[in-house]
Amino acid sequence: MKLLHRRDLVCQQAVELVTDYLEGSLSRSARRRFEAHLAGCPHCTEYLAQMRETISLTGRLEPEDLTPQMREEFTDLYRRWRSEQQ
Amino acid sequence: MRAGRGPRSGPRPARPILSVMDPDGELLHRLRSGDERAFVSLVERYHEPMLRLAASFVPSRAVAEEVVQDTWLAALRGLEAFEGRSSLKTWLFRILVNRARTTGSKEQRSVPVADPEPAVDPTRFGGDGGWSDPPEHWIEAAERRMEAGKLADRVRAWLGELPARQREVVLLRDIEGMSSEEVCTVLALTEGNQRVLLHRGRSRLRQLFEDEFREVR
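In the order they appear, the protein sequences are chains A and B. Be aware that the first sequence starts at 1, since it is given in this note's numbering, and climbs by one per residue. Be aware that the second sequence starts at 1001, since it is given in this note's numbering, and climbs by one per residue.
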């Protein structure tokens, strides 16, 4: 029989630590406790994988291209600035 | 300049990031010496991201566009004085945020960080704190839909629905790839608050992905 250690994490606590874990901002002991929880919990392991996936998918949004007209406007802006400089 | 601490989600996919091909020093030199292509490519890279960020401070897209225009002008005018103590990008976004804050200050700003907001709906856990309604698998389905080009617009829309302060942090960290230190500088946040906002923003997005793919089945 596995005794529930007083300091063992439950899932509801573990999901709140995911960002701190990914940021590397947990203390060593907190990180060990978090990883020990993951080792025994497939759902929280899945949850962590989903948070990583969320970050990865969000990071794949591309800025939209400038329209040719905007390109022209900004070239003008720069030229005006240059002429103010002289 | 990523934080490089702790486990992350792996390397960001390659995209033509100016600062990678063109270190700040080099770019600054080209900008100051009249290379208009350097300026246009800077605009190309940052205009959209700046618009998205500005939009979370001000009431309309039109006002956001004005703020970004002003920022470009202010950046050009400040170029000579820029000392390179932060990256060019951090400097640029900081100018933007200062302007956007001044312009949008009449608007009521969102929920304080101190208000609790659980990452996952508490009803999904049992009395012992363990999952009673565990996360459903959606990673492969999301990857397929992203690769088919059918997910990006949804993600953009979800970002727009995040509370403004969460959106700002997620935009800069996860889309712009700034380090936590840079984001704290740009948004004038403490490390702790930056992390709380990032956690809430990412957690909400994860839930939206889960909901999206739950509906499909």
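Don't read these hints as lab results, they were simulated from the structure. Remember, it's a predicted structure, so these values are computed and weren't measured experimentally. For each residue, glycine too, the CB sits at the ideal point set by N, CA and C. Be careful, since some hints might not be right.
[Said to hold, decoys possible] Have a look at the derived ranges for each label pair, beta carbon to beta carbon:
no., chain 1, residue 1, chain 2, residue 2, range
1, B, Gly-1160, A, Ala-36, 35 to 41 Å
2, B, Ala-1188, A, Ala-30, 24 to 30 Å
3, B, Arg-1101, A, Glu-73, 21 to 27 Å
4, B, Thr-1123, A, Asp-8, 21 to 27 Å
5, B, Arg-1144, A, Pro-42, 20 to 26 Å
6, A, Pro-42, B, Gly-1149, 30 to 36 Å
7, A, Arg-32, B, Ala-1074, 47 to 53 Å
8, A, Gly-40, B, Gly-1160, 19 to 25 Å
9, B, Leu-1073, A, Arg-60, 18 to 24 Å
10, A, Met-70, B, Ala-1074, 14 to 20 Å
11, B, Ala-1188, A, Ser-29, 29 to 35 Å
12, B, Glu-1181, A, Glu-73, 31 to 37 Å
13, B, Ala-1141, A, Gly-24, 27 to 33 Å
14, A, Asp-76, B, Gly-1160, 28 to 34 Å
Here is how each hint holds up against the structure:
1. Take Gly-1160 (chain B) and Ala-36 (chain A): their Cβ atoms lie about 38 Å apart, and the range 35 to 41 Å holds.
2. Remark: the range hint 24 to 30 Å for Ala-1188 (chain B) to Ala-30 (chain A) is upheld by a beta-carbon distance near 28 Å.
3. Restraint check, Arg-1101 (chain B) to Glu-73 (chain A): a C-beta distance of roughly 25 Å satisfies the suggested window 21 to 27 Å.
4. Remark: the range hint 21 to 27 Å for Thr-1123 (chain B) to Asp-8 (chain A) is upheld by a beta-carbon distance near 22 Å.
5. A C-beta distance of roughly 23 Å is found between Arg-1144 (chain B) and Pro-42 (chain A), which places it inside the suggested range of 20 to 26 Å.
6. For the hinted restraint 30 to 36 Å between Pro-42 (chain A) and Gly-1149 (chain B), the CB-CB distance of approximately 32 Å keeps it satisfied.
7. About 48 Å separates the C-beta atoms of Arg-32 (chain A) and Ala-1074 (chain B), a value consistent with the hinted range of 47 to 53 Å.
8. A C-beta distance of roughly 38 Å is found between Gly-40 (chain A) and Gly-1160 (chain B), which places it outside the suggested range of 19 to 25 Å.
9. Distance hint check: the CB atoms of Leu-1073 (chain B) and Arg-60 (chain A) are about 31 Å apart, inconsistent with the given range 18 to 24 Å.
10. At about 18 Å, the beta-carbon gap between Met-70 (chain A) and Ala-1074 (chain B) stays in the expected band of 14 to 20 Å.
11. Between Ala-1188 (chain B) and Ser-29 (chain A) the C-beta distance comes to about 32 Å, which sits within the given range of 29 to 35 Å.
12. Between Glu-1181 (chain B) and Glu-73 (chain A) the Cβ separation comes to about 33 Å, which falls inside the hinted range of 31 to 37 Å.
13. A beta carbon spacing of about 30 Å between Ala-1141 (chain B) and Gly-24 (chain A) agrees with the range 27 to 33 Å that was offered as a hint.
14. A C-beta distance of roughly 31 Å is found between Asp-76 (chain A) and Gly-1160 (chain B), which places it inside the suggested range of 28 to 34 Å.
The structure fails hints 8 and 9 (numbered hints given earlier, in ascending order).
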